[in-house]
Each structure stands twice: as structure tokens, then as C-alpha cells.
Amino acid sequence: MQGMSIIVKKVAQLLSGLIFMYGIYIITHGHLTPGGGFAGGAILAGSLILLVLAFGSDVMRLQKREAGSSIMESAAILGFLLLAVAAIIAGAGIFFYNYLPKGQLFHLVSAGVIPLYNIMVGIEVAAALFTIFLALVIYKEELKQ
Amino acid sequence: MEIILSVILIFMILGAIFALHAKDLLSALVSMGIVGYGLVICFLLLKAPDLAIVQIVVETITLIIMVAIVLDSTRHELKEKAAIRHDGQSFMNTRLVGNIFIAVFLGLVLFYSFRLASAHLTEFGEHGLRMAGAYMEGAAGKTGSVNLVTGVLFDFRGYDTLGEATILFTAVVGVLTVLRLKGKHS
Amino acid sequence: MTLYLLCFLLFLVGLYGVLTRRNLIKIVIGLSFMEFSIFLLLVLIGYVKGGEAPILQPGMPATGFVDPLPQAMVLTAIVIGLATNAMLLAIAIRLYKKYGTFDIRKINQLKG
Amino acid sequence: MRYIALYIVLFGFWLLLTFSLATDNLIVGAVAALLITPYFGNYFVKDVGKWVQPHRYVWLVIYLFIFTWECIKANFDVAYRVLHPAMPIKPGIVKVKLNLKTDMARVMLANSITMTPGTISVDIVDDYIYIHWIYVSSVEPEIYSRKVAGRFEKYIKMIFE
Chain A
0 MQGMSIIVKK VAQLLSGLIF MYGIYIITHG HLTPGGGFAG GAILAGSLIL
50 LVLAFGSDVM RLQKREAGSS IMESAAILGF LLLAVAAIIA GAGIFFYNYL
100 PKGQLFHLVS AGVIPLYNIM VGIEVAAALF TIFLALVIYK EELKQ
Chain B
0 MEIILSVILI FMILGAIFAL HAKDLLSALV SMGIVGYGLV ICFLLLKAPD
50 LAIVQIVVET ITLIIMVAIV LDSTRHELKE KAAIRHDGQS FMNTRLVGNI
100 FIAVFLGLVL FYSFRLASAH LTEFGEHGLR MAGAYMEGAA GKTGSVNLVT
150 GVLFDFRGYD TLGEATILFT AVVGVLTVLR LKGKHS
Chain C
0 MTLYLLCFLL FLVGLYGVLT RRNLIKIVIG LSFMEFSIFL LLVLIGYVKG
50 GEAPILQPGM PATGFVDPLP QAMVLTAIVI GLATNAMLLA IAIRLYKKYG
100 TFDIRKINQL KG
Chain D
0 MRYIALYIVL FGFWLLLTFS LATDNLIVGA VAALLITPYF GNYFVKDVGK
50 WVQPHRYVWL VIYLFIFTWE CIKANFDVAY RVLHPAMPIK PGIVKVKLNL
100 KTDMARVMLA NSITMTPGTI SVDIVDDYIY IHWIYVSSVE PEIYSRKVAG
150 RFEKYIKMIF E
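Protein chains in written order, with numbering that gives the first Met the number 0: chain A, 0 to 144; chain B, 0 to 185; chain C, 0 to 111; chain D, 0 to 160.
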């Protein structure tokens, strides 16, 4: 897949990192402000998709990235499950029990496990969307050959 | 409030009808964008900012995938379509009466079922869900989360989120399997 | 009640698209219209007149919110809708590679 | 060098977003910026050394005023052309030679031209920029280059080169 014109490339250079940071902000503040794992994960995937669309890349590199994001996705969903299972061991024996201390309201570190769940779901959604996009791009590239 | 929502919904319905009847797939996708972003405005008016954020990003990514990947390789499909429709003109007329009959019958059945179902709905703006009280009163104290939607999503209803994550995982595996052209070892 | 009726009309438009269109991409578009109408209906049911967004503010009373339960359910449903859309698109372009067309009736004729 | 610049930009963006100086907030922002700097550092702009030269910011402020003035003038021009009963438009695409050397300056010139009503930059190919213009007033390259791009070019040269 070849990239786009120099205007798109330069603007993507400047903005992709900031968009990624904004996604992280949405994820980590999911229990305080609107947003959360789903929205933030989609924003992270959007910034990665922007980079791929603007710069383009050859099939080999894309395949490597696809393998990486696929591994990330599996690891994130495994982490989500482990966090939920850990409640059985650490808490009152209830699946999905909020076993960490709640902390104070309106603080960033509060609400027990919910921020960790948010981060896991964010990684999972981002990696899933990026993998789907990369699979479609690789299919298209291989079809051309 | 109700009037604004109705107007936006009417625009969405018009956009949807145009999207289904557009000759060009690209204009169909742009009209689909009208419906999706109209939904974002409806969510904002209905005081659901979480949903608005998710919907606007998801809609954008869907449009990007459709335009950049699907349409890019299949644009020439559109030119064949007009010719086919021209041939089928006389063929359609003989069946037209039957089709209209079926459509009217289906519409009547669906509207009857809507009447039956809407008798159990409360008026717009009145709260009629029984479960909601338990999720709202003192929910911030129970979960520690200021955003009540996140609290419901990850604490009260964690199983649903787990199921959603599983569906997403399955969809990714399915996409990877369907689109694999060459095996790893060939 | 007019809002529920309009939602239902949007659902019917999507259903009409799924039943009558021949192009696979348009069928996917019709399916997503049906999804949209259901999302909107659920959020409409959860709305309370004069309610606030379900997010606490420091120093404000914790009452008078919109119902958070339908919103949380719709939040998962939107992402699931994206996943199913992606799956449908993948199958559609795979079919395009095999038969060279998106027309569903032609695909029916070209069995095998 | 560019990694450090990216880290500072990201951390500043985080502080602007959250707008609080609580300890946990700062720690989370620092860690997040540290995590994403290695990935996006390769893609960030190369010549960040220019960012610390103060005279460029002076020119930037001057340029903002000039740009606003040009924008207002172009707005009235386009409004006149739209409201006039005869619709005196003569659209066309012109090809302008660029005097700017760095990519960043070229991109900023293209963006400025697009932001001004009546002109849209279409593409940059080699040393030429292609611009769609609502009223092509002359076909001489020197005259239309000065009219479309020349008014911004010298200021952008001072800022970005």
C-alpha cells in the first residue's frame, strides 16, 4: 500500500502521537468523565490507522504488525479474564468482585479494579480494530500481486 | 426537545432511503454517514455522552474501512448495474402486483405488532424501568466510579462486557480466517 | 410516541434494504440501519425528562439522572455491531473474489 | 533529540487535557508519554532544533495577523461573487512554483491556501503546487503566483526555514 501526498504525511506526523495520547486520556479517565475503554480503544485504533493510511507500508511489515496486534489482543482479553478470576481468590469468592480499595471519589486512582478493566478493554478494542483493518489491507495487497 | 429529535430522525430516515437507492456505492456510504452522525446528535441530546463518543469514532472507522478497502478495489462493479436493471424491466411488471400485495401485508403485520408492543412502553420522558433504581441510588458509593455507565459496565454487569470482548475476539479470528489467501507454510 | 414510531420506521427502512437490495454492500448498510434504530430506541426508553447525564459532579446532588443501564448495554452493542459489520464485509469481499460480483442473485445462479 | 521533543509535547498535551496538578495525574501522564514515545518517535518531525529559536515565534504571531486579514478580505470577495446576480466566477486550476525548501513550510503554505476562501490546494508534486482558484484573473505565472501564494510565502519562509 503506497502512502498519500506530502501534506497528509506531515500532518499525520504531527498529530498521530497527540491522538494516541488523547485515547489514553479517555481510557484512564473512564471512571471520571465520559468515555472509557471502548471509546478510547477506538481512538487508539484510529490513530494507528491514520499512520498506516498516510505512510503506507509493504506487505511484509504489515504482516509483522498484524501478528503483533493480534498477540496484543489475545493478551489483553486474557488479562481481563485474569483480573476477573483474581476476584475469586482475593475477594469474597464472587466472579467480577471489586476487590481493590475504592479510594476517594473524583480522584484518578479510585474505583478499585474498574480502571484496570478499562485499560484492558481499551487495549483489546484497539488491537481488534487495528487487526481487522490490517487483515483487509493485506488481503487487498496480496490480491494485487 | 421532542420536536428537535423528530426532525433529526426524519432526516436520518430520508438519508437511509437515499443510501439504499443510490446508484453509486460511494454516495450510498456518504448517506450512511448522515444516518450515523445524526445518531450521534441524538445521543448528545438524550444526555448520553459516552455513547456519542463511541458512535462517532466507530462510524468514522467503519466509513474508512468501507471507502478505503472495499470500494477501492470494486468500483467498476457499479457500471454493470444499470444495464441489468434495464433488462429486467418487463420481467418486473408481471410480478409487481404480487410484490405490492406482499409488501402491504408485511407492513400491516409489522405495524400491528408495533401497536401491541408500544402499549407496554411508557411515554417518552417518563421513567418506566424497574431495575434502574438499584443501579442509580448510591451506585457511586458501591462501585467507586463517578461515571455511572462505567460502573454498570464493569461492576454490576461485568458478564456482559466479558461476552462483548469475546464476540470481538471471535470476529477478529473470523476475519483473519476468511481473508487468509496463502497459508503460512506455502 | 411519535419518536418510537419514527424509530420503527427507520427499522423498517433497514429491513426493506436487506430484503430488496441485490448488492451485498447495500445489504450490510441496511443491517447497520436496523442496528442504529434499535440503539436509539433503547436510549429513548431510558431517557428521563429533565434528567442529567449519568456522571456525578462534585457538590451536586446524586439524583435526577438519565437511566445508565440502557446506555451501558448500547455501548457494548455498538462495538459488537462494528465487529459484525467487519465480519460481513470480509465475507462479502471474499465472495467478490470468487464470483467477481456483489450481485446476490448472480451469486445464486453461479452455484459451485 | 526528536524523542525528547515528542515526550515534552505529549506531556504538555496531557497537562492541558487533564488540567490538574495532582500527583497521581502527573505520574500516569509521565508513564503514558514514556510508553508511546518509542513507537511514535520514528514518525515525528525531524528538525526539532528550530523549535527553540524565539524569533520564529515572533514571526508566527505577525503571520497570524496577516493571515486573519487576508482571510477576511477573501471572505468578502467570495461573498461578493456569490451574491452578485451575474455570478462572476472563472474557476480553474493553476500551477505555482514553490520557493520554499522544507516540507513543513510547504505543508503550512498549502494549509494556509486551503484555509483562505476561494482557493484550495489540490496536491504538491515535486516543486509545484496545484491550486484550485475561484476566479483565475490572469494566466501569467508571475502574476498569479504572487496573488495566490506570494502573500504568505515570505512570512512562512521566516517561520519555518
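Mixed in with the good hints there might be a few duds.
Claimed, not checked - In silico EDC-like pairs for lysine to aspartate or glutamate, Cα to Cα no more than 16 angstroms straight-line:
1) K96/D x E141/D
2) K45/D x D102/D
3) K141/B x E141/A
4) K96/C x E141/A
Stated by the list, open to error - Pair by pair, the computed Cβ-Cβ distance ranges are:
5) K143/A x I90/C: 17 to 25 angstroms
6) L120/B x V47/D: 24 to 32 angstroms
7) W68/D x R179/B: 56 to 64 angstroms
8) D122/D x Q108/C: 52 to 60 angstroms
9) L120/B x L14/A: 27 to 35 angstroms
10) G106/B x W68/D: 57 to 65 angstroms
11) I90/C x M59/A: 20 to 28 angstroms
12) Y2/D x F105/A: 31 to 39 angstroms
13) V10/A x Y134/D: 48 to 56 angstroms
14) K105/C x E140/A: 20 to 28 angstroms
15) F100/B x V10/A: 21 to 29 angstroms
16) T1/C x K146/D: 49 to 57 angstroms
These aren't lab readings, by the way, just hints derived from the structure by calculation. Quick reminder that beta carbons are idealized off the backbone N, C-alpha and C, glycines included.
If you check each hint against the structure, which ones fail?
Failing hints, ascending: 3, 6, 8, 9, 13 and 15.
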